[in-house]
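Asks: Chains A and B supply the protein sequences, listed in that same order. Each residue of the first sequence is one higher than the one before, starting from 12 at the first, in our numbering. Each residue of the second sequence is one higher than the one before, starting from 38 at the first, in our numbering.
Just so you know, not all the hints are guaranteed correct.
Straight-line C-alpha distance at most 27 angstroms; calculated BS3-like pairs for lysine-lysine [unchecked claim]:
1) B:169 to A:698
2) A:639 to B:194
3) A:16 to B:160
4) A:16 to B:190
5) A:402 to A:441
6) A:641 to B:111
7) A:40 to A:16
8) B:43 to A:40
9) B:190 to A:40
10) B:194 to B:169
Source of the hints: derived by calculation from the structure; they are not laboratory data.
Chain residues, written in single-letter form:
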Amino acid sequence: MNVGKNITRMDAAEKAAGRTKYTDDLCDKSALIIKIKHSTIAHGRVISMDTKEAEKIPGVIKVVTCFDVPKNYFPTAGHPWSTEESHQDVCDRLLLSEHVCYYGDDVAAVVAETEIAAVQAVRAIQVEYEEYPFVLDVQEAMKPEAPCIHEKYPGNILAHTNIRNGNYQKAIKEPGLIKVEGWYDTPSVQHCHIENFICFAEEKEGKIVVTSSTQIPHIVRRIVGQALGIDWGKVRIIKPYIGGGFGNKQDALYEPLCAYLSTQVGGRLVKLDVSREETFVNNRTRHAIRSHIITYLRKDGTIVANKLEAFSNQGAYASHGHAIVAKGMGCFPQLYPCPNIEADAYTIFTNRPVAGAMRGYGIPQAMFAVESHTDDIAKAVGMEPVEFRRKNLMPVGFVDGFSKNENYYDTFNQCMNKGMEYIDYDRKKKKYANQTGNIRRGVGLAVFWYNTAVYPIALESSSCRMVLNQDGTLQLQLGETEIGQGADTAFAQMAADAIGVPFESVHMVSCQDTDVTPFGTGAYASRQTYVASFSIQKTAEAFKKRILEHAHEYTGMPVSNLNLVDGNIVRTSDNRVLMSMKELAMEALYSRNHSEHITAEETADIKSNAYSFGCTVAEVEVDIALCKAKLLNIINVHDCGRLINPALAKAQVEGGMSMGIGYALSEQLIFDEKTGRALNNNLLDYKLSTFMDHPHLEVQFAENPEPTSPFGTKALGEPPVCSVAPAIRNAVLDATGVAVNQLPLNPHNLFKRFYEEGLL
Amino acid sequence: MSVQYKLVTCTINGVERSGMVDVRASLTDMLRNDYRLTSVKKGCEVGECGACNVIIDGECFNSCIYLAVWAEGKNIRTLESLLGPNGELSDIQQAFVDETAIQCGFCSPGFIMTAVEILEAGKLYTDDELRKLLSGHLCRCTGYENILRAVKKTMYKRLGVEWTEE
Chain A
12 MNVGKNITRM DAAEKAAGRT KYTDDLCDKS ALIIKIKHST IAHGRVISMD TKEAEKIPGV
72 IKVVTCFDVP KNYFPTAGHP WSTEESHQDV CDRLLLSEHV CYYGDDVAAV VAETEIAAVQ
132 AVRAIQVEYE EYPFVLDVQE AMKPEAPCIH EKYPGNILAH TNIRNGNYQK AIKEPGLIKV
192 EGWYDTPSVQ HCHIENFICF AEEKEGKIVV TSSTQIPHIV RRIVGQALGI DWGKVRIIKP
252 YIGGGFGNKQ DALYEPLCAY LSTQVGGRLV KLDVSREETF VNNRTRHAIR SHIITYLRKD
312 GTIVANKLEA FSNQGAYASH GHAIVAKGMG CFPQLYPCPN IEADAYTIFT NRPVAGAMRG
372 YGIPQAMFAV ESHTDDIAKA VGMEPVEFRR KNLMPVGFVD GFSKNENYYD TFNQCMNKGM
432 EYIDYDRKKK KYANQTGNIR RGVGLAVFWY NTAVYPIALE SSSCRMVLNQ DGTLQLQLGE
492 TEIGQGADTA FAQMAADAIG VPFESVHMVS CQDTDVTPFG TGAYASRQTY VASFSIQKTA
552 EAFKKRILEH AHEYTGMPVS NLNLVDGNIV RTSDNRVLMS MKELAMEALY SRNHSEHITA
612 EETADIKSNA YSFGCTVAEV EVDIALCKAK LLNIINVHDC GRLINPALAK AQVEGGMSMG
672 IGYALSEQLI FDEKTGRALN NNLLDYKLST FMDHPHLEVQ FAENPEPTSP FGTKALGEPP
732 VCSVAPAIRN AVLDATGVAV NQLPLNPHNL FKRFYEEGLL
Chain B
38 MSVQYKLVTC TINGVERSGM VDVRASLTDM LRNDYRLTSV KKGCEVGECG ACNVIIDGEC
98 FNSCIYLAVW AEGKNIRTLE SLLGPNGELS DIQQAFVDET AIQCGFCSPG FIMTAVEILE
158 AGKLYTDDEL RKLLSGHLCR CTGYENILRA VKKTMYKRLG VEWTEE
């Protein structure tokens with residue numbers, strides 16, 4: 012068996028040797044360089060553009076302005092396309108924008124022989140704008156007097172959906188109820204993968220070939236086709252190894268523009284390499300979401316009714332749009348089931364950079380609100396927060412009516428118990444009660460809810476191809492993409508077991524090429540291992556059947572008495588090895604009587620989904636005078652089903668915890684109120700966690716096999732980031748008695764709250 | 038604007054090299070574009086992320102903020118130099134593989150070169166010291182946990198000090 016083993020990831024040695032080629036490493040030196048002219052206003056219209064000086068610069072090949080590009084409005088979200096028009100993504104993008112919607116919007120592009128010429132030309136372009144008022148905050152953007160950013164969306168509301176269960180208004184009239192209310196605010200943050208987005212394009216063999224650092228090659232092919240108004244089959248996307256994505260590259264970023272510019276210079280090779288500063292502003296960010304929660308409960312801690320309003324800051328264009336806050340709202344009636352619920356989610360356009368997918372997809376924001384609020388309610392009714400959770404969390408056997416997801420195990424208690432034991436929660440909770448003085452410690456806990464994959468909201472399918480080699484080994488291909496998380500290794504482990512061959516016999520075709528790779532929607536929603544488990548199992552069955560039918564020809568044994576075990580054809584009745592895969596494969600291909608190239612390709616149409624749960628427990632030390640929270644100890648405990656590769660799973664969790672710690676304590680994109688310009692769009696002023704900012708990251712698992720997956724697996728990629736921030740916030744509350752409801756918990760925000768509460 | 042070129046002669050991974058470089062070019066550009074040493078990565082190009090780190094005369098530098106012309110007469114080592122005579126991984130590279138310290142791999146070359154500098158110091162550093170020495174590098178995938186263990190294990194091994202898992 013290979014599943015469950017710590018097999019070294021198949022790409023590690025090559026990466027350690029420095030031989031792995033990423034997008035830029037593959038681009039020929041002959042490439043022309045693209046640079047983009049970004050707007051210096053947050054909202055308005057380009058009236059005119061003077062490109063004469065730019066065109067005179069030696070080496071400049073072409074200047075393209077917002078007036079030149081085709082008027083094919085296209086969507087950018089990395090969602091599977093929907094054949095129902097009402098479910099299709101919003102088509103609100105052009106290759107370049109005449110209507111400027113955020114500070115930094117793309118208004119022109121230069122193609123030049125060298126980077127320096129391109130940069131000089133961008134500077135030389137003169138743009139005349141008509142300026143409009145702009146708005147950065149969601150509540151401001153919803154006011155009647157706010158500037159309307161997109162005509163089609165009055166009030167700047169991209170979407171508003173709601174949930175109504177029971178009768179909230181009636182339920183809250185019950186006498187003697189305790190009301191707890193809170194506002195919880197999360198900032199705009201960025202993915203900060205170390206490889207910036209980059210792509211290059213050229214026309215070759217009648218197609219536009221784009222090599223791109225993307226999570227979603229097949230989706231990008233469709234979007235490039237839509238944006239350029241050409242047949243999708245004329246677009247070929249190649250995805251090499253990529254230096255991280257975390258959701259930012261789950262959008263068509265600049266592939267359509269790059270492809271278009273190639274067509275404007277006679278199909279020549281053009282490269283678009285965005286800078287770190289552009290990555291922060293001109294790619295995607297995490298939605299800043301402001302949540303308002305009201306809970307009514309009885310003195311014994313029973314939740315009677317609750318209400319949520321969540322306002323999601325979409326920024327300038329729709330991208331993934333309402334899906335993010337809608338996913339967050341979706342967990343609300345499930346995590347702490349309550350008979351009477353009113354929940355409303357709003358996605359609001361503002362003149363900030365565009366928000367899109369980012370690790371957790373709305374759940375880190377939702378968990379910050381819900382799990383912070385949970386500690387607030389527990390405090391209000393005088394219950395220990397963990398005891399409150401044990402009483403009110405989703406019970407075993409709970410089934411969600413929409414997704415049909417079921418809570419099969421006592422996962423929450425298992426995870427909380429492990430986390431509390433590691434932190435020594437109960438003892439410390441008592442020890443830290445009634446502290447005085449400047450330095451105070453506290454412990455906090457938060458759980459999370461996460462839905463694996465996107466069924467039933469959108470298409471969930473996975474395709475797999477297995478091709479037998481003459482030596483009895485096989486090449487394995489999937490539409491699901493390796494983006495650094497180690498998916499390829501997990502796929503090969505599952506495939507080896509499903510077929511019955513050693514791990515070494517499975518050769519993964521890692522880098523994707525839409526001309527070659529089976530169709531797949533890509534890496535997102537922590538779906539990879541889950542959805543691939545279905546297609547691998549299904550394809551392996553078909554593959555094995557063909558192999559055993561050949562074995563029957565050679566051995567005379569009925570297929571029903573044959574099996575494939577560890578690379579050998581075995582007679583099941585006495586476990587005798589009849590022939591090796593190598594012998595069979597050679598004969599199958601080179602036989603003069605019956606030659607066959609044994610392959611299998613299947614699509615699994617997935618009609619199930621799986622809950623993925625876990626928790627974070629944290630211990631902090633707060634210096635009240637310095638308004639500084641220091642993380643002393645932290646543990647994440649996850650139930651992601653059966654672990655396919657424990658070492659890789661643990662590494663995934665550590666990375667997610669790191670991102671969560673940054674979200675909790677230091678990360679935020681700051682915008683100038685006067686201009687709308689991002690003020691800290693670089694890795695010096697934007698504080699993502701460094702080596703110095705972490706204590707040891709403890710990771711444990713509660714391994715309960717997921718019954719719907721052939722390999723018992725479910726989501727792990729995004730969940731690790733979801734519960735970290737509220738656990739740290741709750742630890743600060745435990746230490747100081749102060750609820751800080753604005754992330755990040757940096758000195759700036761702690762000062763405000765400590766001052767309000769009279770600590771300073 | 039007139040483009041100025043200058044001849045730069047330096048030792049790269051043990052071999053003396055000479056070439057004309059644009060005086061405005063960074064060492065990252067020269068190593069990547071002229072010598073195709075693509076382990077030298079670009080993550081920010083302003084010395085914030087550490088992905089372009091190389092060793093110059095025994096000391097680590099972010100090559101993106103080191104002008105190519107400053108390389109004149111210098112001894113430069115990139116990740117490509119670490120492989121053994123038969124192409125085998127060095128101990129520190131193998132440790133990164135064994136400890137699952139590599140995910141997307143984009144920050145790995147820079148990290149490994151700083152690890153080489155740390156190991157060549159021949160000192161037994163504490164965890165806190167190691168964290169500080171490695172803090173010039175950003176990684177978004179790993180949470181740094183396995184990187185610390187890979188460096189620490191190799192340091193203990195090279196110094197012949199027994200390793201005990203805490």
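Asks: With reference to the structure, classify each hint as holding or not holding.
Replies: Hint by hint, here is what the structure shows:
The hinted pair formed by residue 169 (chain B) and residue 698 (chain A) meets the criterion: a straight-line CA distance of about 16 angstroms does not exceed 27 angstroms. For a cut-off of 27 angstroms, the pair hint linking residue 639 (chain A) to residue 194 (chain B) is broken: about 38 angstroms separates their Cα positions. Only pairs whose Cα atoms come within 27 angstroms are accepted, and residue 16 (chain A) paired with residue 160 (chain B) is rejected, the gap being roughly 35 angstroms. Between residue 16 (chain A) and residue 190 (chain B) the alpha-carbon distance is near 22 angstroms, which keeps this suggested pair within the 27 angstroms criterion.
Restraint check: the Cα-Cα separation between residue 402 (chain A) and residue 441 (chain A) comes to about 21 angstroms, which is no more than 27 angstroms; the hinted pair holds. For the suggested pair residue 641 (chain A) and residue 111 (chain B), the alpha carbons sit about 42 angstroms apart, so the restraint of at most 27 angstroms is broken. With a CA separation close to 42 angstroms, the supplied pair residue 40 (chain A) and residue 16 (chain A) exceeds the 27 angstroms bound. This hinted pair checks out: residue 43 (chain B) and residue 40 (chain A) have alpha carbons roughly 20 angstroms apart, not beyond 27 angstroms.
Annotation: proposed proximity of residue 190 (chain B) to residue 40 (chain A) is violated, straight-line Cα distance about 40 angstroms (limit 27 angstroms). Distance restraint check for residue 194 (chain B) and residue 169 (chain B): the Cα-Cα separation of roughly 21 angstroms lies within the 27 angstroms cut-off, and the hinted pair is therefore satisfied.
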